[in-house]
Structure formats: structure tokens, C-alpha cells
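Q: Read off the chains here:
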Amino acid sequence: MQALLAQLLVGLINGSFYALLSLGLAVIFGMLNIINFAHGAVYMMGAFCAYFLLNVMGIGYWPALIVAPIAVGIFGMILERTMIQWLAGLDHLYGLLLTFGLALIIQGVFQNYFGSSGLPYAIPPELQGGMNLGFMFLPIYRGWVVVCSLVVCFATWYLIERTSLGANLRAATENPTLVRAFGINVPRMITLTYGLGVGLAALAGVLSAPINQVRPQMGADLIIVVFAVVVIGGMGSIMGSIITGFALGVVEGLTKYFYPEASNTVVFVLMVLVLLVKPSGLTGRTT
Amino acid sequence: MTSITDQAVPAPGRRSIRDEMIVFAVMTAVLLVVPLTGVYPYFVMQGLCFALLACAFNLLIGYGGLLSFGHAMFLGTAGYITAHALKVWGLAPELGIVIGTLGAAALGVVTGLVAIRRQGIYFAMITLALSQLLYFVYLQTPFTHGEDGIQGIPQGKLFGLIDLSEPVTLYYVILAGFLFGFLVIYRAINSPFGEVLKAIRENEPRAISLGYKTDHFKLMAFILSATLAGFAGSLKVFVAQNASLTDVHWTMSGEIVLMTLVGGLGTVFGPVVGAFVIIAMQQYLAGFGQWVTVIQGVIFVTCVLTFRRGVVGEIAHYFKRSL
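Chains A and B, in that order, are what the protein sequence lines are. Residues 61 to 347 in our numbering are what the first sequence spells out, letter by letter. Residues 2 to 324 in our numbering are what the second sequence spells out, letter by letter.
Be a bit skeptical, because a hint or two may be false.
Stated by the list, open to error - So the derived list for chain A, only partly shown, Cβ under 7 Å to chain B, looks like this:
1. LEU65
2. ALA66
3. GLN67
4. LEU157
5. GLY161
6. ASN172
7. VAL239
8. ILE284
9. THR325
10. PHE328
11. VAL332
12. VAL337
13. PRO339
Because the hints were derived from the structure by calculation, they are not lab data. Glycine is no exception: its CB is placed at the ideal position from the N, C-alpha and C atoms.
Turn these sequences into a full structure, and let the hints guide you.
A: The following block contains the structure:
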């Protein structure tokens, strides 16, 4: 029972990362029609950014939670303005290929400077230790990750689905020319959206830094699982990608308890099953 | 919407077929004399295997408009099967190649049935996820020996006669395999089947309304591409004498895409040129260590932003021919 609950918690934490990453992908996909292959790389940059802020500038975890996503988000906006922008109107596949190339560059550069081994990042003192819930022992930091991710996901959902800014954003995805005619600067909105998506990934990176070691490859394999999550969820709605992200993390955790050999592959197997039954994904629009 | 290949391919005509014949003759002649020139044969053999692999990949993207980001799984699967057949079962080389290729074909049927249910970027993500699924399977199953891979594979005698441990002999066998695969692809894209594929790439709803079962055609193209990619993987076992996880990992799939992109998506000879460019780069830039990844990334970005036709595509465009 203890082990099962522990695996469930691990599943929820992984689910938090899946949700944050697939949410960012969905936001970017909605505006730019690009599957951001560099998402794993910017997640990794978020973690490294936190590491730097602490070890070089002496800036701790709490400010890093804000500073790192903004810094990486600005980096993302520069990428969008200098490169991704030029692919508008071309086949979506070019966006995938371009961001794949960017991911190789970013990862390669970090690997050259930091090698493949991990760097430790300490859990902030306020979140150390754990709580005895009676039925299980809950490390506080892990609980915090789940709560923080839930709050950020909900805030993003609220921003896009319930505010006038979000309404503009959604209108611009439907018909950019018309929205421009209303005097809204659509290219700037696209840039900001890319920055937001990238910032969400970087935030996930900061959150994961104390749990996982900070290393250049940390995003590379994770991103493919997130792609599978996206295929299962279908990118149809913001809420869809959040729920799918958390749900799949939990499923993975359960598999780790009942049949550990399959824990690496269960998400992919689920993807196959979902595709056979409902090719557009669980919450997806048909493309 | 600009399609991913319409920069490269002008309408085929009698003249372009003549051009392709000439280029094919030149390519074959050059490859035939390579062992006499003293160029490191291992390098050229490896290049030939990747060239065939890239051509098989290009059949899908260039003519069917389907970007597979998981083609390494066919390369790796066929490689593992052939390696196992030769080393553990002690089968003859020709049987090993046949079994490996059939294995990749079977995998192509299964993965194709799943993947062609979605299009565009989703297709790319699904193929990528499927290949990563296989990567984890191969990491855990005992017959692949996990991280170590299958090492020291005997090359044996082809048909009991031709000694494959002789480098020059092996070179010509690999060359024959490459030319065979290349001609199969060339035949396929210039057949009615290839014409239907191009029609699907240009406008799928129209192809459907003309009465074509487009899923059927896409699946056939996927299986053919998987089979030939597997064939390349089986041949590669004789060159490298090992089969390892590197060949199944998704970075390999990325390299296949890069080769085709550099050479020219949707051109007949582009993937061959691209494969040799990338292999040569890895060979001669090996001293830069990890920076090779960065250089590959830069090439990727440059190609996508400024050089979308690729080497052969640019040449073909300049002379207004199809190559």
C-alpha cells in the first residue's frame, strides 16, 4: 500500500511535468501551428538557468521560479523573431524540422560545456523534509510541485479561455487577417505566445531541478513521451492537455507499481490503443 | 499552403527521364571504380547503406508527403534480426538479409496501420513515439544485449561462394544491394502507383474523390519504405559487424531526415548525396567531438530557413530539370 501510494505520487509529479510541457506545446501549436521540437531543450534551459542563478549570482529558488521562465521566454521570443517567423505560410513540417535543429544546437552547446553528468540543485530549505499523512510519508517538495503545477496550469487556462487577451488570442488563431483589421498586432501576439509556451517549459525545468539532476539530456527523452501525451490528448483544448498530462503521469506511476518492466513504454502503448479507437485523440479536433 | 516538396520537383517528362538515366549511369560508374581509387572502402560502404536508407525515407516524404520521424526503427530492427540470425542461429548471409528485411516489413505493416491514421505533424510524432517504444523494448529484451549490442558478427559466405570478409568483395555486394534498392524505388515512383502517391501528396481529398483508397496507397508506400530501410539495416550489419541501440535511437531518425533535407526532399538523387555529405562530415569532423551535434543542428536550421531545396534540388532547379 505504501509503495503504491508512493508510485502514485511519483506519477502525479511526472504528470505535472507532462501537463506543463504539453500545455506549452498546445499554446504554441494553437498560434504558430508549429510543434515545438525545441520544447525539451528549453525545459532543460530552465533548469540550468536556475542552477546558474543560484551558483553564480546567488539568487535562490524562489526568485528563480520567476526569473528563469522570463529569461528563457525572452530567449524563445528572440528565436521566434529571428527564425521561426520566416516559416509562416510554409508546410507545418518545416516548423518541426527547424525546431528540431534548434534543439540539437541548444543541447549540443550545453553538452559541450557541462558534459553528460548531472549537477545537483538543493531543495530550498522551506520545502525540505516531509509530512506524515498517516497513511503515507509525503516529501513536501513533491507535494509543492504538484500544487504549483496545478495552479500554473489553471492560471494559463483562465488566461486563454476567460480573459479578453485570451479571446483575442483565440480569435487570431481562427482568422489572423480579420483580427489584424481590428488593430491588434498579431505578429507581436504570436511572439508573446511563443514566449509564454517556452516560459511554461522553463518553469517545469526549474521545478524539476531539485528532483532530477540538472543535465543537458534531461529534456531530450522526456519530450518524446510528451509528444505521445499530446497525440493521446489530441491538442484540441487547453484543458484537454492538462488533464491528459496528469492522467498519463498517474497511469505511468500505477504501471511502475504493478508491472515495472512496462513503465517506460506504457504511454506509447496507450497511444497506439487510443489511435486505433479514436485517431483524433481524446480531446482532439479532427485535422 | 506550400507543400514540403513542391520546391523541388518539376513535372516529369521524357527529357527528365533521360537526365536521370545519365546521372544514374555516372553515379554507378563512380561507385564501381571506388575500390580502385584507394578511398577508405568502409566509409563508402557505410555511406551506401545510409544512402539507401535515406532514399527509402524520401519515398515517403518526397512522394507521399509523409514525414516519418521514426525510420531508425526499421534500420535497427532489421539489423538486430540479421545480426541474431547470423551469430546465434548461424544462418547463411543471404538468409540473414531476407529474414531481417522481412522483419522490417512486418514492423512496417504494424506501425503503418497505426501511423497513417493521422497526417502531417501528428504522423511525425506518432512514428517518433513508436520508434521510442521499440527503443525501450530493445533496451530490455535479452537478445539485443541491451547497451552492449550484438558484437562480432560473422560475415560468412554469400550463397556459400562469395567471401564477405574480403573488403573489396563485400563492397561490390553492398553496392549491388544499394543499386537494387535504388532501382526498386525509382521504378515505384515512376509507376502508376507513384503517380497516385504524388496525387495524394498534392491533394488528398481530390484523390479520394477520384475513387482512390488513399489510406491503402499510403500504407503500401509505408511498408515499401520500411522494407527497403530494413534491407539497408541488414546490409549495414555486414559492414559494421555489430548491431546496437544507436541504430534505433531517435537521434538516428533525425539524421536520416537531415540527410534527405541536405540532399533535397523529393529528388531522386538527393538522399544519396545528402547521406554521403553527412557521413563524410561525421567522419572528418570527428575531432570536434560533441560539437558535431551543434554543427548538424546549424545545418538543419540553415537548410530549413534558406536552402529548402537541398543540394540536388538547387541544381535541378537551376537547370530546370528534375533529378
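Q: Does the CB of PRO339 of chain A sit less than 7 Å away from some CB of chain B?
A: holds (4 Å)
Q: Against chain B, run the beta carbon of LEU65 of chain A and see if the smallest gap drops under 7 Å.
A: Check failed: Cβ of LEU65 of chain A comes no nearer than 26 Å to chain B, outside 7 Å.
Q: Restraint: GLN67 of chain A near chain B, CB-CB cut 7 Å. Satisfied or not?
A: Hint violated; GLN67 of chain A Cβ to chain B Cβ min 18 Å, cut 7 Å.
Q: Should the hint that GLY161 of chain A touches chain B count as held when the rule is a Cβ pair under 7 Å?
A: With a minimum Cβ separation of about 3 Å from chain B (threshold 7 Å), the hint on GLY161 of chain A holds.
Q: Holds or violated: is the Cβ of THR325 of chain A closer than 7 Å to a Cβ in chain B?
A: At about 5 Å, which falls below the 7 Å cut-off, the nearest Cβ of chain B leaves the hint on THR325 of chain A intact, so it holds.
Q: With a cut-off of 7 Å on the beta carbons, see whether VAL337 of chain A makes it to chain B.
A: violated (10 Å)
Q: Taking the least C-beta to C-beta distance, is ASN172 of chain A closer than 7 Å to chain B?
A: holds (5 Å)
Q: Going by Cβ atoms only, is VAL332 of chain A closer than 7 Å to chain B?
A: For VAL332 of chain A, the interface hint holds, since the closest Cβ of chain B sits about 5 Å away, which is under 7 Å.
Q: Hint check: is the beta carbon of LEU157 of chain A less than 7 Å from a beta carbon of chain B?
A: holds (5 Å)
Q: When the nearest CB of chain B is found for ALA66 of chain A, is that gap smaller than 7 Å?
A: Nearest chain B Cβ about 22 Å off; hint violated.
Q: Using the nearest Cβ pair, does PHE328 of chain A come within less than 7 Å of chain B?
A: holds (4 Å)
Q: Hint check: is the beta carbon of VAL239 of chain A less than 7 Å from a beta carbon of chain B?
A: violated (20 Å)
Consistency note: the structure conflicts with the earlier hints numbered 1, 2, 3, 7 and 12.
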